[in-house]
Amino acid sequence: MTIEEAASLLRARELTVRELWDACAVAAHARNPELNAFLEIFDADDAAIAAAQKRIDTEGDAAPLLCGIPLAIKDNILIEGKIASAASKMLEHYRATYDATVIRKLKEAGALFVGRTNMDEFAMGSSTEHSAYGPTRNPADTSRVPGGSSGGSAAAVAAHLCIAALGTDTGGSIRQPAALTGLVGLKPTYGAVSRSGAIAMGSSLDQIGPLAKTVEDARVLYDAIRGKDPLDATTIPDALYPAREVPAKLRIGVPRHLLEAGIDADVRAAFDATLAALESAGHTLVDIKLPTSAHALAAYYVLMPAEVSANLARLDGIRYGHAARGKTLLDDYLLSRTEGFGPETRRRILLGTFVLSSGYIDAYYRKADAARAVLRREYEKAFESSDVVAFPTTLSPAFRFGEKGDPMSMYLEDIFTVTANLTGMPAVSVPMGTVAREGLHGEPVQLPIGIHFTAPHQAEESLFAVASAVENAR
Amino acid sequence: MATTEEVKKLAALARLTIEDAELEKFTSEFDAILAYVGQLESLELPADLAGGKPSLRNVMREDGAPHASGAYTAALAAQFPAREGDALVVKQIITHE
Numbered sequence: 001m002t003i004e005e006a007a008s009l010l011r012a013r014e015l016t017v018r019e020l021w022d023a024c025a026v027a028a029h030a031r032n033p034e035l036n037a038f039l040e041i042f043d044a045d046d047a048a049i050a051a052a053q054k055r056i057d058t059e060g061d062a063a064p065l066l067c068g069i070p071l072a073i074k075d076n077i078l079i080e081g082k083i084a085s086a087a088s089k090m091l092e093h094y095r096a097t098y099d100a101t102v103i104r105k106l107k108e109a110g111a112l113f114v115g116r117t118n119m120d121e122f123a124m125g126s127s128t129e130h131s132a133y134g135p136t137r138n139p140a141d142t143s144r145v146p147g148g149s150s151g152g153s154a155a156a157v158a159a160h161l162c163i164a165a166l167g168t169d170t171g172g173s174i175r176q177p178a179a180l181t182g183l184v185g186l187k188p189t190y191g192a193v194s195r196s197g198a199i200a201m202g203s204s205l206d207q208i209g210p211l212a213k214t215v216e217d218a219r220v221l222y223d224a225i226r227g228k229d230p231l232d233a234t235t236i237p238d239a240l241y242p243a244r245e246v247p248a249k250l251r252i253g254v255p256r257h258l259l260e261a262g263i264d265a266d267v268r269a270a271f272d273a274t275l276a277a278l279e280s281a282g283h284t285l286v287d288i289k290l291p292t293s294a295h296a297l298a299a300y301y302v303l304m305p306a307e308v309s310a311n312l313a314r315l316d317g318i319r320y321g322h323a324a325r326g327k328t329l330l331d332d333y334l335l336s337r338t339e340g341f342g343p344e345t346r347r348r349i350l351l352g353t354f355v356l357s358s359g360y361i362d363a364y365y366r367k368a369d370a371a372r373a374v375l376r377r378e379y380e381k382a383f384e385s386s387d388v389v390a391f392p393t394t395l396s397p398a399f400r401f402g403e404k405g406d407p408m409s410m411y412l413e414d415i416f417t418v419t420a421n422l423t424g425m426p427a428v429s430v431p432m433g434t435v436a437r438e439g440l441h442g443e444p445v446q447l448p449i450g451i452h453f454t455a456p457h458q459a460e461e462s463l464f465a466v467a468s469a470v471e472n473a474r
Numbered sequence: 001m002a003t004t005e006e007v008k009k010l011a012a013l014a015r016l017t018i019e020d021a022e023l024e025k026f027t028s029e030f031d032a033i034l035a036y037v038g039q040l041e042s043l044e045l046p047a048d049l050a051g052g053k054p055s056l057r058n059v060m061r062e063d064g065a066p067h068a069s070g071a072y073t074a075a076l077a078a079q080f081p082a083r084e085g086d087a088l089v090v091k092q093i094i095t096h097e
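Top line first, the protein sequences correspond to chains A and B.
Straight run, no breaks: the first sequence in the numbering used here ends on number 474.
Straight run, no breaks: the second sequence in the numbering used here ends on number 97.
In case anyone wonders, no lab produced these hints; they're calculated from the structure.
Accuracy of the hints is not assured; some may be wrong.
[What the hints assert, rightly or not] Example chain A residues on the side facing chain B (calculated, C-beta under 10 Å, incomplete):
1) 227
2) 228
3) 231
4) 295
5) 301
6) 309
7) 319
8) 341
9) 350
10) 373
[As the list claims (entries may be wrong)] Label pairs and their computed distance ranges (CB to CB):
11) B:19 x A:241: 42 to 52 Å
12) B:22 x A:61: 54 to 64 Å
13) A:93 x B:70: 43 to 53 Å
14) A:238 x B:13: 39 to 49 Å
15) B:69 x A:319: 16 to 26 Å
16) B:5 x A:325: 42 to 52 Å
17) A:272 x B:78: 48 to 58 Å
18) B:76 x A:47: 22 to 32 Å
19) B:47 x A:203: 27 to 37 Å
20) B:13 x A:61: 50 to 60 Å
21) A:314 x B:22: 23 to 33 Å
22) A:314 x B:65: 17 to 27 Å
23) B:95 x A:203: 32 to 42 Å
Beta carbons are placed, not taken as given, at the ideal position from N, Cα and C, and that holds for glycine.
Next up, chain A with everything else stripped away, as it sits in the complex (with noise of 0.2 Å):
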């Protein structure tokens, strides 16, 4: 069931708010011991669950769309009184002291909170693997990743046990898991979205932003979180950039000097065979190059870890989170966070330590922020002749549990997807078909791929109709 369908049910009295939300729980408890989806189901809210229910009888159509729908919260965005472990032993036991800005906006609007989704730890993953309370499976197979990291939300969307999520995206992690299962992922503009309580991973590329079962459910999350906020002074007003025209017919950049390799067969096919759609419903075609992002991926592992290691060094122990004690100070902050972060999450922060050090700072952290600067150039060039840019959104369905074992090919799911970070434009991935592949016991399986679109700063609204046109083309 979508935001709409529910919401209309719901105001036709053809459904209760309660009887919406004991749907999701069950289905959640029910499936969640499989898919490990939740890091925590929460108990009812009967007053929250009384208060939508009021609001939508008192005022009907006039109610928010999202009053009493129940979405799941990916577990590094805070709700107040609720752990937010973001899937690290680091602070399996902090409790959020306030509510981020999105979680009070959709609290505003009505919305529920089913449970906090699994994710890689800190959000440092492509495949969900890497937290610490074990892997969520993808609802298509269960032998194969949902993507990551906010793998967890995307599974929890895509087996139905909530409506729509919230995710967080630094390099992908909203549209990569999107792609892997099925449903609609929006990366918004950097600074469109307040992260004010999300917990900070490369601060200079986070997002967050819905996963959700169509174009439409997508743009409603959207529009209920987004917005300025004093106490994020990275989010910008409207307007800030110039406004775009969203043309009937869309002109769709294809650079095709990046698809020439690595790509599956028929990933690649059901991508031209989207375009075609698109080509044929009246959209066009424009050949474009963007040279510099086949160092885009480079640039990525650089500039991500240095944040990240800046960002972690406020986790040492003393006032939250976990606090081991040896026999000096600098004991307490050596054994805290070495039992507290996982391996990938030690490894990025030594990344990002190597990177930002006095010899190595000018060869690599500077390039990379140039290469930024380079990147950015070459899209705002590209759009000057398209409204958007195509890609497929990963190279091939969703892969096995540690088929991706060592870190650099991990590393290689996000290269697509990263760039929209890198320029701080907004990015979409919309499902585009299934590719069969073999289940654990040689079984064909149907796995969900997904076509990427890249827009300039504040043109979402040019991604929400290059999308739905994919959806309407299917």
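Place chain B on chain A using the hints.
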């Protein structure tokens, strides 16, 4: 090539301990990642960007009183690993001995 000694030194800077059993693996993975990000060296930058000035700038605002004093004290103090009243207990680091 990263050496195990270098990785140990980075770990110390980052306030982490890498066990000897993990050290070889961490070092070889580190090498593979650095080899990949090292491709940035071959990237030619336009002259105006070669200076490496950051594109982002810090934004300052006036200090204000965002919330009533003490509004969050109880919730924050509840997270302390050890406390005396509302005070956080930490190790003594200066002694008279």
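Could you work out which of the previously given hints the structure breaks and list their numbers from low to high? Structure breaks hints 1, 2, 13, 16.
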